[in-house]
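**Student:** These are the residues of each chain, in order.
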Amino acid sequence: GQNIDQPTEMTATEGAIVQINCTYQTSGFNGLFWYQQHAGEAPTFLSYNVLDGLEEKGRFSSFLSRSKGYSYLLLKELQMKDSASYLCAGGFSGNTPLVFGKGTRLSVIA
Amino acid sequence: DGGITQSPKYLFRKEGQNVTLSCEQNLNHDAMYWYRQDPGQGLRLIYYSQIVNDFQKGDIAEGYSVSREKKESFPLTVTSAQKNPTAFYLCASSMIDSNQPQHFGDGTRLSIL
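In the order they appear, the protein sequences are chains A and B. Letter 56 of the first sequence, counting from 1, is numbered 56 in this note's numbering, and no numbers are missing. To convert, count from 1 in the second sequence and add 110; that's this note's numbering.
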């Protein structure tokens, strides 16, 4: 099956920038999703990348390199409310369900 | 407003009891999914369905059953065969196209008494 890999935990300081990486197997790959999940809540959709390059949405940006099987989520001007898990998910050919990584738990400290 | 509704929010089960978790969507999505999430862990796929009256096993289907009699509804039954059912259960839906995001309900937290 497809594997999605991302770091388990990260810590960053309020006001700083943090980059959360995600790697995936390129075979059959369609596109890459990022979700945010606060503790005890449901995941919410953040971004989708299908083409190479950077997609910017306010403080959050997501990057994709299809040839390298690599994506990252960039969070700028970190706020305490950004403390959450960030899930990377890959869409693959064959109309199969998204494959989710295990999530990266981000802690924003003062 | 369109969305996905899961009920109940909290559910308690006695040993040996089957329980059914409800999931309803009014987004006109063809595909629906059930995930299990344990504390500090990622999402694990239990079952999914892409069309009425058809469903597929996910990675951890043992001890669970589903039905898809209507497009809007995808209930999950946690049977007594599931020996460790305490977890957070999330229902999601999407268009079938794998380029479309999944949208999640608020989840049901199941605990054993």
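Worth double-checking, as some hints may not be accurate.
As the list claims (entries may be wrong) - What follows is a set of in silico ranges between Cβ atoms, one per label pair, in the way DEER data are often shown:
(1) A:Pro7 with B:Ala171: 26 to 34 Å
(2) A:Gly53 with B:Gly112: 29 to 37 Å
(3) B:Glu172 with A:Gly53: 35 to 43 Å
(4) B:Asp148 with A:Gly53: 32 to 40 Å
(5) A:Gln25 with B:Gln166: 39 to 47 Å
(6) A:Asn95 with B:Ala171: 14 to 22 Å
(7) B:Gly113 with A:Ser27: 46 to 54 Å
Think of the hints as simulated: they come from the structure by calculation, not from any bench. Heads up, the beta-carbon is just placed ideally off N, CA and C, and yes, glycines get one too.
**Student:** Does the structure break any of the earlier hints, and which numbers would those be?
**Tutor:** 5 and 7
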